[in-house]
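Here the structure of chain A is known, so what remains is to put chain B in place on it, guided by the hints.
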Amino acid sequence: MVTVDRTASLPDDQRIVVTGIGLTSPNGNDLETYRKSLLAGISGVTDYEIRYLGKTLAGVCKFETSKYQSKKDLRRGTRAGSVGIWAANEALHRSGIDWANVDKSKVGIYIGVTEHGNVETENEIYQIKQYDYDTQFWSHHHNPRTVANNPAGEVALNLGVTGPHYTIGAACAAGNAGIVQGVQMLRLGDCDLAIAGGVSESIHTFGIFASFRSQGALATHEDPTKASRPFDKDRNGIVVSEGACLYILERLSDAKKRGANIIAEIVSYAINTDATDFVLPNPERQAQCVELALKRGGLNPSDIQIVSTHATGTSSGDAQESQALRKVFENAQGVHFNNTKSFIGHAMGAAGALELAGNIPSFDDGVCHATINVDNLDPDCALEGLVINTPKEIGQVRYILNNSFGMLGINSVLIVRKF
Amino acid sequence: MTPAQIRDEILDILSKVAPDEDLSGLEDAKNFREQLELDSMDFLDIVLELKRRHRVIIPEEDYGNLASMASTVSYLEPKMRDIVKS
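Line by line, the protein sequences are chains A and B. Everything in the first sequence is counted per the working numbering, starting at 441 for the first residue and increasing by one. Everything in the second sequence is counted per the working numbering, starting at 827 for the first residue and increasing by one.
So that you can see chain A by itself, here it is in the shape it has in the complex:
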């Protein structure tokens, strides 16, 4: 099949490029450190304790919260807002844009979230428990902290953005979905600059840990750094993490005009739905989503050098994604597969955006980071080209395909190209 990269033939004002990336992850608070950790096999998973559940494991972000927020902002806001504010400011700074002279009414903020509000609701109930559940002691901060747009709204407040802001609720496909929304809004002319991606504050809610544990899907391991082990025979569940990763997206015409450093181009995307189960994935529908993204981009499976997998370390999910990927890529040559959750755990709403970001430096260094903690590869997860435990030099990388799937059967695929 002949590759006809459809995006390349679009006019520049319909081509969307990445000009800045800001992030906080459990193993790095900027792209360089994060990438270095991924290449060095450094995990960000640690021991963690949370009310009611007790000792568990989590990916915890440690960044300088006071760099972009006052003490009062931190007290009033949410952790999701805080990680987002960090990532947005870092991304803008790195984009080299003259922010003071940007028309803030033409900036859009689109942030993917897996869930939001659970942290604050749990905190309030914990508070009023001390007052025999008398709701007179419930805080007036509960509503502004828990409205679904809160994480994006806090970023807008912090940056003085007066264009559109909202979150995209898309379970664990949310990071990709946030970027997709940014691309669409730029193409529609709804904004001239998009701050898009995903955030997660999920480690601050005991409910998410307890629910995964009740589902038999919460990872345990005596060594926290080995707990997140997608594709390994002894995987036993998910490590919950927090994080944020936001991209500065611009139309190519605008990026060229200001002489921006273009990091990558968003070539294609697809989002579809299993419509089969609340929790269990559907490999057939996942494969269709990957195929749709390739088709929309005018690409063949062999055009992709790196597939960043979604696999979370659950027994069925990893095998089913592998099944979907084998179907799409069985005859493709030169495709490599890796997994970022093996290092940082599952950063939920931030996962898709963070996992893509960790792979983007491959465009420059030609290295595919590994999936770590694979001591015994599960035959059901075997993929020709899976990069196991140590990074691999793979030469020129032109296209990266990023999978991100979530509960209620949401699947998302994003393809980016070296610019």
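One should not assume that every hint holds.
Stated by the list, open to error - Straight line, CA to CA, 20 Å or less: simulated SDA-like cross-link-like pairs of lysine to any residue:
1. A/Lys512 to B/Ser866
2. A/Lys511 to B/Asp846
3. B/Lys842 to A/Arg516
4. B/Lys877 to A/Ile565
5. B/Lys842 to A/Ser579
6. B/Lys877 to A/His582
7. A/Lys512 to B/Arg859
8. A/Lys512 to B/Asp865
9. B/Lys905 to A/Phe577
10. A/Lys512 to B/Leu874
11. B/Lys877 to A/Phe577
12. A/Lys569 to B/Val873
13. B/Lys842 to A/Ala822
Since the hints were made in silico from the structure, they are not lab data. Note that the structure is predicted; figures quoted are calculated from it, not measured.
Positioned in the frame of chain A, the structure of chain B alone reads:
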């Protein structure tokens, strides 16, 4: 609690509600808002903290009494005089 203890309590609450502010030069007779960056949510925080710490209920129609340190202490004094400072 004595008026001086009530004042200390309000100062402690303010230090949490407005953690970036320097409260050392606060003038009791002057309105809080002339001296500090406080909005309506912050005043509700003061009301909530008093409720949580001391079960002191301040009805909405009385919120105007929380304009300055002097007016706040004077308003709270009859409500808090029987509370033992812990």
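Cross-check of the supplied hints:
1. A/Lys512 to B/Ser866: Holds, at about 14 Å.
2. A/Lys511 to B/Asp846: This hinted pair holds, its Cα atoms lying about 6 Å apart.
3. B/Lys842 to A/Arg516: Judged against 20 Å, a Cα distance of about 11 Å means the pair holds.
4. B/Lys877 to A/Ile565: Holds - the C-alpha atoms of A/Ile565 and B/Lys877 are around 16 Å apart, at most 20 Å.
5. B/Lys842 to A/Ser579: holds, 15 Å
6. B/Lys877 to A/His582: Judged against 20 Å, a Cα distance of about 17 Å means the pair holds.
7. A/Lys512 to B/Arg859: Distance ~16 Å between A/Lys512 and B/Arg859 Cα, so the pair holds.
8. A/Lys512 to B/Asp865: holds, 12 Å
9. B/Lys905 to A/Phe577: holds, 18 Å
10. A/Lys512 to B/Leu874: holds, 17 Å
11. B/Lys877 to A/Phe577: holds, 7 Å
12. A/Lys569 to B/Val873: holds, 19 Å
13. B/Lys842 to A/Ala822: Outside the cut-off at roughly 55 Å; violated.
Violated hint: 13 only; the structure is consistent with all others.
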